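Here is how the chains run, residue by residue.
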Amino acid sequence: MESVKPSDDPHEARSLLSVADEAPRRLTDGLRLPTGLHPALGVAVALQIATAAYGIAQQTAAGLAVLLAGLAVFLLVAAVGLHRFRRINGVRVDGLASQVLLGTGTTSSVAYLAALAAATWAAFASLWWVVAVAAVVGGAGYALGARQWWNAYRADPVAHARGVSPRMLVALAVLVCLGLVALLVVG
Amino acid sequence: MAELDPLIHAPARLQLVTSLSAVSEAEFSALRAALDVSDSVMSKHVSALAEAGYLHVRKGSRAGRRTTWIGLTPAGRRALREHVAALRRLIDVVD
Numbered sequence: 056m057e058s059v060k061p062s063d064d065p066h067e068a069r070s071l072l073s074v075a076d077e078a079p080r081r082l083t084d085g086l087r088l089p090t091g092l093h094p095a096l097g098v099a100v101a102l103q104i105a106t107a108a109y110g111i112a113q114q115t116a117a118g119l120a121v122l123l124a125g126l127a128v129f130l131l132v133a134a135v136g137l138h139r140f141r142r143i144n145g146v147r148v149d150g151l152a153s154q155v156l157l158g159t160g161t162t163s164s165v166a167y168l169a170a171l172a173a174a175t176w177a178a179f180a181s182l183w184w185v186v187a188v189a190a191v192v193g194g195a196g197y198a199l200g201a202r203q204w205w206n207a208y209r210a211d212p213v214a215h216a217r218g219v220s221p222r223m224l225v226a227l228a229v230l231v232c233l234g235l236v237a238l239l240v241v242g
Numbered sequence: 182m183a184e185l186d187p188l189i190h191a192p193a194r195l196q197l198v199t200s201l202s203a204v205s206e207a208e209f210s211a212l213r214a215a216l217d218v219s220d221s222v223m224s225k226h227v228s229a230l231a232e233a234g235y236l237h238v239r240k241g242s243r244a245g246r247r248t249t250w251i252g253l254t255p256a257g258r259r260a261l262r263e264h265v266a267a268l269r270r271l272i273d274v275v276d
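Residue numbers (this note's numbering), protein chains in the order written: chain X, 56 to 242; chain F, 182 to 276.
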């Protein structure tokens, strides 16, 4: 196997470190997000929050169906967005998948959880305009978190590239589906 | 203390592994364009590093075309980290 005998020359080391710092940028500077990813994500999350709140408050099979439909729309929008990113750029970034699908950033997770809690409370109280407002705010916060992550990734790609692997995402999706089926059976 | 790794010491190979550290996987042609090398040079480096267990290579598709996807393995990531640390120590000796 071909290899280069390393030299102990500090000047060469400095030059190699410069190469190591610049190379990732040459790959990531040209990356771009699919057009409309953030707005589509925001709308899908808003819809998911509203349908989840409705489904939880109704506690019926019809409510669960609405909840599942909202979840399916969100998953479809996220999957299409990630597929388009991979197709446009020829790279896969697990950090982006984690951010888009799981909202792992602070802004996204806080916005989502707070909005879901507010929307669910409002749905139990039949305050549907509050459900709508909470869903829109949650969706906007989630999309904002995704944008913040993208800016952080562009600034330091090596530090932000890693995330949940596709296998783990599939395992989580299976777990969520099993949980929902269990809910349906118990309910 | 980690030593310089001869397998990734050459500038082209160092560029290859550091580029891959910024993504989870990259398509062969995207990497080749970023590194500005020929198909044959790129193939040679990828094969050598895959044989050493530093890269994983899989066949896939993109827009209906057969493609090759390349990513760093945990061993490759560790080797890069240790190699960069060894380079920094060399510079620190002078500074």
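What the hints contain is simulated information worked out from the structure, not anything from laboratory work.
It is possible that some hints are incorrect.
[Unchecked claim] Just so you have them, the derived chain X footprint on chain F, three or more residues with Cβ under 8 Å: (1) 205-219; (2) 267-274.
[What the hints assert, rightly or not] Partial pick of chain F residues on the chain X-facing surface, computed with a CB cut under 7 Å: (3) 192; (4) 193; (5) 200; (6) 237; (7) 242; (8) 249.
As the structure is a computational prediction, the values presented were derived from the model and not from experiment.
Glycine included, each C-beta is placed from N, C-alpha and C at the ideal position.
Taking the hints in turn, this is what the structure says about them:
Residue count for the segment 205-219 of chain F with a Cβ under 8 Å from a Cβ of chain X: 9. That meets the three needed, and the coverage hint holds. Check result for the segment 267-274 of chain F against chain X: holds, 5 residues qualifying (beta carbon to beta carbon below 8 Å, three or more required). Annotation: residue 192/F was flagged as interfacial toward chain X, and the flag holds, the nearest CB pair being 5 Å apart, inside 7 Å. Proximity of residue 193/F to chain X is violated relative to the hint, the smallest CB-CB distance being about 9 Å (cut-off 7 Å).
Below 7 Å, beta-carbon pairs count as interface contacts, and residue 200/F has one with chain X at about 4 Å; its hint therefore holds. The beta carbon of residue 237/F is not positioned within 7 Å of any beta carbon in chain X (closest approach about 12 Å), and the interface hint is therefore violated. Below 7 Å, beta-carbon pairs count as interface contacts, and residue 242/F has none with chain X, the closest being about 10 Å; its hint is therefore violated. Hint status for residue 249/F relative to chain X: violated, with the closest Cβ pair at about 11 Å, above 7 Å.
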